[in-house]
Structures are given as structure tokens and as C-alpha cells.
Amino acid sequence: MYTSLTEKLIDWSIALYLWGFRIIVVLIVVIGTVLTLIGGKYNSQQWIDFVVFGIAQGSIYALIALGYTMVYGILRMINFAHGEIFMSGAFSAYFVASALEQSGFLDQNPLVALVLIMLVAMAASTGIALLVERVAYRPLRQAPRLVPLISAIGASFFLQYTFRGLFGPGVYAYPVVELLQGEWTFFGINILKAQVVVTIAAVLMMLGLYTIVMRTKIGKAMRAVSEDKATAALMGINVDRVIVTTFALGAAMAGVAGVLYALVFRQVNFFMGFVPGIKAFTSAVLGGVGNIPGAMLGGLFLGIFESLGPALFLESLGIVAPYQLKDAIAFTMLVLVLIFRPSGILGEKLTAKKA
Amino acid sequence: MAILTAKKVTKRFGGLVAVNALDFTLEKQTIASIIGPNGAGKTTFFNCITGFNQADEGEIIFDGVPIHRLRPDKISHLGISRTYQNIRLFPNMTALENILVGLHAHLHATWIGAVVRTPATRAEEEHAHEEARRLLRFVGLQGKGDVLARNLPYGDQRRLEIARALANKPKLLLLDEPTAGMNPTESEAMVAFIRRLRDELGITILLIEHHMRVVMSISERITVLDYGEKIAEGTPREIQTNPRVIEAYLGRGSAADIPEQAVRPSVSTLPASSAAG
Amino acid sequence: MNELRRLPVWHSVRIGLIGGVIMLYICLVGMVEVFGRSDIIERVISLGQVLLLLTGLGAGYLAARRAGEPTNALTVLISGVVAGGLTGGLLTGLVVIGSVVNLRAVFINASPALYNALTLGAGPNGAWIPLVGGAALGLVAALFCLLPRRVRQSIVNGLVGVLLAGLFSGLLRVILAARPGWSAELGRFLFASEGLTLAGALLFFILAGGLALLWSQSQATVRERITRLPEAQRKTLRWAMLGLAVILILIFPQISGAFIAQVIVLVGIFALMGLGLNITLGMAGLFDLGFVAFFAISAYTVGLLTSTGEHGIAQWSWWAAAPVGVLLAMIAGAFFGLPVLGIRGDYLAIATLGFGEIVRLLVGSDFLRPWLGGSFGILAIPKPWIGNLELAGPQQIYYLAVFGAVLVAFVAVRLRDSRLGRAWMAIREDEDVAEALGINLVQTKLLAYMLGGAFAGLGGAIFAALVGSIFPHSMNLLVSVNVVALLIVGGMGSIPGVIVGAFALIGLPELFREFDEYRYLLYGIALIAMMLAKPEGLWPSAAIRRELHTDETDETETNPGSSSTVPAS
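Chains as they are written, first to last, in our numbering: chain G, 1 to 355; chain X, 356 to 632; chain Y, 633 to 1201.
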């Protein structure tokens, strides 16, 4: 054996540390949860609120995550600018929404108006995504992997500050849709209307996308290209068109997500895409990159977890202002999932080629 | 004396049993082959030996040490090297650097030693470069040390991969289809080269090969796998006449007419193999 | 449609439209106004106007060049005029529409001031001005196209010289004015209170154009003379150049003044972090997007250990605290790295990004506020002392940063050519094979990760000394992104590349603080343009250059060694 003693020692301490790490995290979660539940600071209605909010937020993450996951599945590239595609959808829709509000149309025909707003958001997001793909990604398809990533980071900055320059740095308040105000009561549980509508809309969009990918010809072509570009091309598939379609579909989802986000949080800003973008990518990774149901599951999981987490795990441990650590919980969970299941919840085993 | 013993090794991928309760023994300083149709589990068995895959059941003992639970790097330290079916060099490193990586386990410089460049580190580096250049010459790649591995011609890449494997000073060398994609002349050169490895360096060699001519001429023992199970074992002549082997290769019913064709070219080269052995 | 495309004028129309859209973008995004505030030549032309002129000229030039293949002066001129006219025509459209509809409800910059700027003060009545002006620019560009090559080159060089001098006029003026006498006089002659004086502009134009011409003629002979020198003399020449460079580096901050020194210190800090990441990412292929975590840990350690303010715990000297900070960053690297190093590729990137964010959120949280100061940060970090000399300002800390960068560069070079460097590269290329060759993956990767972390920690320690106070908001993802970007833009694996990259991505934006609003916009454009034009980086290492240019057709994404040449067996 060539293995030296020190090397063996290091190996052992590494193993020891890894187990300690897992045990400590599990302990924190368990102790925190038990203490919180014993303490009984929140009643069941509050817990339900946390979960419902988490689901609404999570389904928005999931919608954005679809764009990441589909593009990654086909090009093996992190589309860093996807969060900005989401932002541009929400922003363009804002102008339509406020115009509709001023003309009174929004209050008279709220449903038609909402559909109109979403269509505009989808169109804007798709247009911008295709422009970015054409200018910043397509010429780099043969380049080493880091090159398109840097270009994507550039595109992300460009879009953020273009919107800032064109529309100003302020925070704009989204018009109020009367229809979505107030609560509905299901089985004695009160739920905010906006959150119900957002969740339903997101789920419908995801089902639609899933049908497109699994049932249509272009969906089949997309799956083929994501398996093997060269072979797909030999089979007569127009790879360029498939990639463009993928970007367009992902962007349309992000556009809808932008509107839904604005309905829940009721404001838009040029910087709003950044954090949801990172969270959505986290969701995609959680579910297993390249896997569409995985992205949906990852988004929901992340949304619920970060909505519940601060109150459930941290508060009773005596941590001041645990809500500031909401994102820290999200990322910790990401790291944990990656440690225990390196390919995500639904991910296939990642081969060296795909990693 | 056996250098490698596998007892009841089983490896499953989901529902597929890639290697099924395989018993296998390899004598020191022999050249042996594993053959079998595509998907027979040959490469999986290699992967189990080198630790790429961990066997689900059974044990593998190398030189008296059980290795079926060890990591690939530890197994390599014990003296097993391999090459790959589809060449896996470090494409963006030079030929010389590829071999130097192979020497890794025999070097001991720490990062502090490398930064300060202690006399010991420097001496070790010089020695390593010398050794690497010697290996380059040994496989006939002299003067190509500074070429990026990716830019070498195909045959050179195969030989560089073997040189890299040899740098580890292995006792057992696993070659996964060393003559794949070679024309008959190149194959013959490769066969001669593999014999040299055993004769001059005393390395035990186990190879997977599809070219029957090569297999029959070089192997002292042949093991035939089909669907993860061993269906035959023996000398080349025994294998050539084994009805189960013929059936596995050509399918039931066709055994009557085609086997001659599959076997004929190798028969002519058999004397060469016995002369070398 | 297809027949339309065959007309020679089609290209001009296309280029003109693209140019027009770019012009509209420049106007609506607000660059005309903000850049209009800074004059290149005092009261003659502002940077905003230069941008518009360049777009018009560029459109005209490209169109004229394209038409100029069968050399026909008339086609060339017409193409230029069409493209330039269209480019300006879109602005005319903007002014016309803007005078009828209130575009300002959506585009905040579509103000009467903008329309006035575009029509040279004439307002809506002068809507024709951009159209005619654009056509005129196109004509000028087309005429320029017809000039002989050498003349064209000197004109371009001269204009670039004027533009650069105008851009940096503020800095240059301050430097010159710092010393009374002839230097201050020269400053007053060349530079006005804003931009160049007319005389200065003329001088710079002649100098830049003329010198470039001279150099282009004599460069070949100079090169030849150098190569013909005997080996010994060439060596002396090299050493002399090196010595000159060292002396320049040493006296530089004393000439440049505090502001530039501060910029250079930042460049140095990022360069040394880039060199650190070059080990982690460039050599070992571990994609770390959480570099800021180590930077933050070390900066906070140094802050806590040295601060004389309320959060200080030890009041150590910087020299004692910095190694502790670096060590802690390294240990944090081990603690962070171990759980995630088994993860491959982009998954690792996102996991490390998560670490960076976790650290930022923790240091900024109210939970740790009693110890780390929360969002108010840690104040009153004293400066390092050498003996009785306080490294009080950027002009002194500069030496610290330069020393740090040189140290890191030295370590990086030594490691690259060692057993470890080779093991890292092997892991980057194919980690399964590397492991089968006896490389302990976890330990080797961990070492790369920890060393990268240590270098980031050194950057953080120097940063704490430079600014004297640290806040959680300076520990954001942008730091990590900047480090990755400067590594790629400079050229991965190349030490001079990293330094060039740091100057380009950290130094330049700092120098143009006055255009802060557009800093990241231009940064984004620069990143994309850079990747499109020179993906191998500004100063690529020899190996990468070989890789990208020897065989362009080879697929890079799959394992090249195994591709294409292996026939199915």
C-alpha cells in the first residue's frame, strides 16, 4: 500500500466531519421544530397561511425554473439572464396594466384584462429572450462552457440596467385587481384569493408546457435534441429551431411568472428578477436539472420550505429576526439536497458528460 | 500463483444484471482475454476490478488484498492500471504531462514543497520527467512529449494511454479493446507490444478484445462471458471448438455454417501464439 | 422580398435600421443626457454627441464598405448616405412622435430636453435635423471609405487619441496640476475645466495620428533590430525593461495621486483573487461562484480583531490579524468544501453560490448583530503599520496589494508546474480517469478549494485595511461574479491575463464613477462583446490559444480524446 498514514488520517477525519455535519443539521431542524411546536406560538390558521403562501411563491419559482431547466437540458448552459427575462415580462405588463386601469377596462372586464396582461408579458419576455439568444448565445454554441456563461452574466447586467435606463430606477406599484382582493373560505380555512389564482394559473401553465413537451412533435424534437444534438440533427431535426423554441417556451413561462409575481407582491422594479432568478435556478437544481416535473417539484418544495422554515426551525432556537435568514435556509436546504442526492430530487444520475 | 481472484461477483444496474455470480482467476504473468458479445458485461467486470463500480455481491482479491470495497485511487496504489475502450486521455495536457499524472502515486511532493521548491521536490521532479521520457520512448512516442494529447494521431493516443497506465508501475494491466479501430498491421504491432510488456516487464495482462485474430494469437487463457455469466473458459483452441461459445456469438441454429468463418483467420495465427508462449 | 434582398441597397437599409435602433436605444436609455454633461472638447462636443456621431458614422461606414466590393464610388456614397440617413431618420421619427404623444409616461428619458439635444435646440420644428445630419454623417463615412488605407488609419488613431484624452481629461488635469510650474501650465494649455481645450484636442490628434503612423512604419525595423542583437544583449534589454517596469510600478502611486492609487489597489485585490480562482477553476476545474464567502470571512476576521470601534475584540495589528483571517478563510474552505466537493460541474457552482449568499445573509442579520454589527458593519479598522510608518492611504496600501498579487502569482506558477498542478488539471479533464490513476479526488480538490479560499481571504484582509470599515452589502454575489468574469475576460490560466482582466473589469468602471448609472450596462455589453469577439480572453495563455485555434472544428464539449476518431467496433 502506498497510502501514507497522514493521508489515511485525513480520509478518516473527512468522513467523521461529514457525518457530524449531517447530524448537526438534522439536530437543528428537529430540535427547532419540536421546540416551536411545543411552544405553540402560532395557531393552525397561521401555519396554513405559511404553507399557502409557500405554495403560491413556490409555483412562481417553478414557472421560472422551467426556463432554466429546459435550456440547461438542451444546451447544458446556465441561462444567467433568465431572471431578467422574468423581470422584463413583469415590467412590460406593468405598463399595459396601468393603462388598462386608467381606462377603466381593468375593473370592468378583469378576466379579459388579466389574460391580455399575461399575453403582453409573454410576448415581451419571449421577444427579449430570443434577442438575447440570437445575439449573446447562439454564436457561442461551440465555445467552451464558461464562455456562454459569462456572456449570459453580461446579458443579465445589460437587461437590468437597460430597464433601469429606459423606465427609471423607481419601484412601480402594480394596479390593484378588485377581483383578487379578499379571501375565499374552503372547509373553514381562509385563503387569499390572489394566492389561489396564482397557484392555479401556474399549475395550468406547467401542465400546458408538459403536454407540449411530451405530446407534440416539437416537444419530441426537444427531447431528442437534449439527448444528443448531433444525432437529432442527423434525424432531420432543425436543431436551431428547437433551441429557439425552447428559449421561447421558457421565456413565455417566465413572463407569466412575472405577472403572477406582480399580482402577489404588487410592485415591479428593474432589480426584481435577480433573487427570484437565483431561487428558481435553485429549484431547478433541487428537482434535478433538465427534468421538467423536477423543476415544478423543486419550486414548490423551496417555496414551502422557505416560508415555513424561519418560524419552524429558527425562531424557537432564540434567533432574532429569523425572517432575514429565509434565503439562508433556502440555500442550506439546497446544499443538503445536493449532499444527500447529488442529482436532485428527481434527477437522473449525472454522468461525467452531462455534469 | 493467482494474482487476481474474483468470487461470485455480481453487479446489477436497476433490473439488469450486468455481471452475474462470476468466478474468475488470473495467474501471475499470463496474458488472458475476456471475450463475449456486446453487452456481455466485460467492461462492467473491468469497472468492478478498478473500483469504478462497486460489486453488489461477491469479492475480488488482488495479490492477497480484498479490493471490492476500495476506492479507485487505492486500488491503483495496489498496482492495477487500465486503459479504456474509447481512449480517455487528458486531452488538453501534453503527452508528457499525461504520463506524469500516471506517476502521481509515486511522487510525494506537498504543496508547500512545490511552492518553496525544496531540493527534495526538485530532485523528485527531475527524476519523474526522466521516467516519463523513458516511458515515451518505450511506447515509441519519442519527440512527441510536448504535443497536446488531443492532437496526437489515433494510434499514438492508444500507446500514450498504455504508457500512462505503465507509469503507475502496475502488476496487473487491464486493456479494454486495445486494437479497436486499428488495421491489421497496426493490430499486429499492438499484439507484439503487449507481449513485450509481459515478457520484459513481467506484468500480468488481462484484455477485452473483439478482434478474434488478436485474441486467439495472444491469449494464454480466454474467458467467455454472455449476459453477465461465464459460459466458457480455456485455451484458445478449447474456446474455438466450444459449442456454447459459437452459439452465443452466432445465435442458435446458425452454428452449422458460419463458425468456420469467424474462427478461420485466427487459426492461421495460432502457431505464433504458441511460439510466444 | 427575396428580390428586394438582392438589391445592393438592401444591406444599407438593414445596417441603417440597426444603427437607428442603437441610436434610439442610446437616446431613450438616457445616455445622451448623462454623457452630454461631460465634454470631450470643451463647449465643442460632448461624450453624448460623440456616441451619436459614432453610431451614424459607423452605420455609414459599414454600409459603404459592403457596397464597395466592386469599386464604384457612386454606389459607395449612396450606400453610406442611405444607411446614415435611415439611422438619423429613426431619431426624426422619435422627435415627431414625441412631440405628439407623451412618451414620457413610459420612457423616462423621452423629454423635451432630449428632443432639443437631437435637433440642436430647434425643438419639434427641427425634426428634419437628425435625418439630414445622419445622411451627412453617412456621406462623410463613405468618403472616408474611399481614402487610402494609411490615411484612414492615422485619422482613426488620431480620433481615438482625442477621445481617450478627453475621457481621461479630468484625471490627467489633476495629475498635471498637482505640481506647479511647467506641468501646471501644460495642464492649463491642454485641458479646460471640462474636457480638452481646442488646442489640446488638435495637439492630441496630431500626436496620436502621427505617432501611430511613425510606429507602423518603423515597428518592423525595430523588431528586426532587436532580434538581430546577440543573445547577451537581448537578455540585458529584457532585464532593463523588467527593471524599468518594476521602478514604474514602485513610483506609480506617488505620481498618480490618491484616487488612481485607490483604483489600482482594488484592481490588485481583485487580481489576486482572480489568481486564486485560477487555481480552483482554471486548474482544478471546480466552478466556485461563492468566492465572496472567503473574502467576507477574512475581511470580517481582520475587522473584528483589529477594530478600535464597538465590535472590536482584540485590537491586534493588521499584520497579526491578516494571517488569522487567511487561515480562517482556508479552514472555512475546508468546512464548506468537504460536503459539496463530490458534486460535479454546474451543481457545484450553484452550491457555492449558496454559500456565498449564506455568509452574506448571516453577517448582515440582526441575529449576529451584537457580534458582527449587522447591516451597520464594522467600523474603525485601523491601518497597518510598518515600523513607524502607517500605511495610511491608498498610496501606501498600494504596495501591500502589489506585494500580495506578486506573492499569489508566484505561488500559482510554482504550483502549476508541480505534481499537484498536474493532478488538478487531470481532475479538470477527466476526474474518473484521474482517480483511477491514484489521485485522491477529495483531498486534491479540497486543497485547490482551500488555496483558492486562502487567496480570496488575503484579498479580503487587504480590502479591510483599504476601506477601514466593512459592510455586509459589499459582500454580495457581484464580487464572485466579478472574479469569475475577470478570469475569463483576461484569459483563463494566464497570469498576465488575470491582471489585464482586473484592469478592464474593475479598474475602468472605477475610473468612470461619474457615469455610475451606466457602469453595469456598459459592463454587461463589454462582457458579451468580449465573449463574442475574443472568447479566449484578452491575454490568453499559450496552451489555451493553441487549443482554440489549432483545430476549430474539434468539438470541445465532449471528451475530445474519445470523439470522432473511434470507429464503432
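In case anyone wonders, no lab produced these hints; they're calculated from the structure.
Keep in mind it's a predicted model, so treat the numbers as computed, not measured.
It cannot be assumed that every hint is accurate.
[Stated by the list, open to error] Derived SDA-like pairs (lysine to any residue); straight-line CA-CA distance at most 25 Å:
| # | chain 1 | residue 1 | chain 2 | residue 2 |
| --- | --- | --- | --- | --- |
| 1 | G | LYS41 | X | ARG599 |
| 2 | G | LYS326 | G | THR185 |
| 3 | G | LYS326 | Y | SER1106 |
| 4 | G | LYS326 | Y | LYS1015 |
| 5 | X | LYS362 | X | GLY413 |
| 6 | G | LYS326 | Y | LEU1109 |
| 7 | G | LYS8 | Y | PRO1002 |
| 8 | X | LYS499 | Y | ASP1049 |
| 9 | G | LYS8 | Y | ILE963 |
| 10 | Y | LYS1015 | Y | GLN1027 |
| 11 | G | LYS8 | Y | SER1106 |
| 12 | G | LYS8 | X | LYS383 |
| 13 | G | LYS41 | G | THR185 |
| 14 | G | LYS41 | G | GLY208 |
| 15 | X | LYS499 | X | VAL470 |
| 16 | Y | LYS1166 | G | ARG134 |
| 17 | X | LYS383 | X | GLN409 |
| 18 | G | LYS8 | X | VAL470 |
| 19 | X | LYS363 | X | LYS524 |
| 20 | G | LYS8 | X | ARG599 |
| 21 | G | LYS8 | Y | LEU960 |
| 22 | G | LYS8 | X | THR465 |
task: Report the numbers of all earlier hints that the structure fails to satisfy, in ascending order.
output: 1, 2, 4, 7, 11, 12, 14, 15, 19 and 20
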